[in-house]
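**Student:** Here are the chains, one letter per residue:
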Amino acid sequence: MRQRLRVNPLACDASGSCAELFVERVRLDDWGYPIIDPTPIPDQLLPHAQRAVQNCPKLALSLEPAEA
Amino acid sequence: MIEPIEPEFRNLEREGQRPIGSPALIDLIQRSGLRGRGGAGFPTGLKWRAVAERGQGHAVLVANGVEADPLSAKDRLLMTSYPDLVLDGAVIAAESVGATDVVLAVNRGFADARGALTAALQRRRERVKVSLVDIPSRYVAGEETAVVHFINRGIAKPTGTRPRPFERGAFGRPTLVQNVETLAWAGLIARRGDGWFRSLGTPAVPGAVLVTVSGAVVNPGVIELPAGATLEVAVAGAGGATASPQALLVGGFFGSWVDAGRARSVSEGGGMVLALPASSCGLAETARMLDILARETAHQCGPCFNGLPALADVMTRVAFGRPQAAEVQRLRRWAGQLGGHRGACHHPDGAIGLLLSALTAFEHDLNWHLLRGACAGSQRPSVLPAIAVGTSWR
Numbered sequence: 164m165r166q167r168l169r170v171n172p173l174a175c176d177a178s179g180s181c182a183e184l185f186v187e188r189v190r191l192d193d194w195g196y197p198i199i200d201p202t203p204i205p206d207q208l209l210p211h212a213q214r215a216v217q218n219c220p221k222l223a224l225s226l227e228p229a230e231a
Numbered sequence: 052m053i054e055p056i057e058p059e060f061r062n063l064e065r066e067g068q069r070p071i072g073s074p075a076l077i078d079l080i081q082r083s084g085l086r087g088r089g090g091a092g093f094p095t096g097l098k099w100r101a102v103a104e105r106g107q108g109h110a111v112l113v114a115n116g117v118e119a120d121p122l123s124a125k126d127r128l129l130m131t132s133y134p135d136l137v138l139d140g141a142v143i144a145a146e147s148v149g150a151t152d153v154v155l156a157v158n159r160g161f162a163d164a165r166g167a168l169t170a171a172l173q174r175r176r177e178r179v180k181v182s183l184v185d186i187p188s189r190y191v192a193g194e195e196t197a198v199v200h201f202i203n204r205g206i207a208k209p210t211g212t213r214p215r216p217f218e219r220g221a222f223g224r225p226t227l228v229q230n231v232e233t234l235a236w237a238g239l240i241a242r243r244g245d246g247w248f249r250s251l252g253t254p255a256v257p258g259a260v261l262v263t264v265s266g267a268v269v270n271p272g273v274i275e276l277p278a279g280a281t282l283e284v285a286v287a288g289a290g291g292a293t294a295s296p297q298a299l300l301v302g303g304f305f306g307s308w309v310d311a312g313r314a315r316s317v318s319e320g321g322g323m324v325l326a327l328p329a330s331s332c333g334l335a336e337t338a339r340m341l342d343i344l345a346r347e348t349a350h351q352c353g354p355c356f357n358g359l360p361a362l363a364d365v366m367t368r369v370a371f372g373r374p375q376a377a378e379v380q381r382l383r384r385w386a387g388q389l390g391g392h393r394g395a396c397h398h399p400d401g402a403i404g405l406l407l408s409a410l411t412a413f414e415h416d417l418n419w420h421l422l423r424g425a426c427a428g429s430q431r432p433s434v435l436p437a438i439a440v441g442t443s444w445r
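Chains as they are written, first to last, in the working numbering: chain A, 164 to 231; chain B, 52 to 445.
Derived by calculation from the structure, the hints in this document are not laboratory data. Check the hints yourself; a few may be wrong.
[As the list claims (entries may be wrong)] With a cut-off of at most 25 Å between alpha-carbon atoms, the simulated SDA-like pairs for lysine to any residue come out as follows:
# : chain 1 : residue 1 : chain 2 : residue 2
1 : A       : K221      : B       : H392
2 : A       : K221      : B       : H350
3 : A       : K221      : B       : N357
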């Protein structure tokens, strides 16, 4: 099952680490908050996604099943 | 608050003993084609079924009477003038989905509605437990997770997408949160059948709908229309326009500006239509609305508490000052960044939809403002009702 990245906007405080660690799916808005590309993550990019999830200081990022 | 006219509600009078709700009634509601009247328009039967399956006889029903949009008056009017219709619908829904408790969630500003519901409850005997909760008058406090959050913890702020109330809601139990107008219609469908309900509507959209019409119309207030009626019919139903309107706002503060001639259905807009007179400035009205929405942020999500005040600030300059083209470009860039459901609720998305529709509908005015500064219309009084931004979330 393919996965996609999700941010919990209630927890996020714009540390910006996700955008550094996973440029393929995360960019920042003008205030430094992440804009997540919700398309499914191909296998070769999954390690980057997992690193972004593990390094979020607010534990605001997660991977979830991408609905078909 | 709009002063409601005395409505006809020709189909809303009560008759005899109410039917008892049951699982079979969920099928009837589904066949009727009833959709939620709180704005989202989700099919009511499907929503009931999801709660019935999860709840296993221990569900909770929340009747949502928060109606926080300043351009809507129908729920308040319904609760105040027809409290038994709302209570019949709520209790029938509770019985149908297996809910043991009914919570009436009523906007704290609606003393009249609370009084009418309380008086009706004293006359009635219910087989389920019914309580009434005063919800703070804040724009996002009517969002269903905010209502549940207030019932559970006394804070009227949205809590995000998971778990949804039908999974874990009030008192930690599967919860059906349903707008009070939807409940009133459901109660009437239980009495009169799905054929009756369908006969009220247009072939494409079943049923009737309560619509609040405001702005430049002869009789602003609440009217009942066939669902699927056009905006033109809504304006005519309010006595017609006082002067040829330059645009209509459909859907309240989360709505869109459309050309007055556009054949859109009233059901698309949460039952709110505002007619903008030709002498007004749509950019100025939009700036005022964005300012309200910015001040109504729950201060929880970055895109909302950063983005909305910034949008409102720039839009105020565009509407009332001497704007630069770069400022309009900035509005469009921010709108692109802040949309896409990035918050715990749809507050930023609603504000951005309003803004983008204004930049399209009032493109000529925008060019005028860019070339020569704010137009004369921006100096005219607002057609919006006086709006007090709430102060408390508790």
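**Student:** The structure should be examined with respect to each hint, and the outcome stated for every one.
**Tutor:** Here's how the hints hold up against the structure:
1. A:K221 / B:H392: holds, 20 Å
2. A:K221 / B:H350: Given that 25 Å is the threshold and the Cα spacing comes to 17 Å, the pair holds.
3. A:K221 / B:N357: Holds, because 19 Å separates the two Cα atoms, which is no more than 25 Å.
In summary, this structure violates none of the numbered hints.
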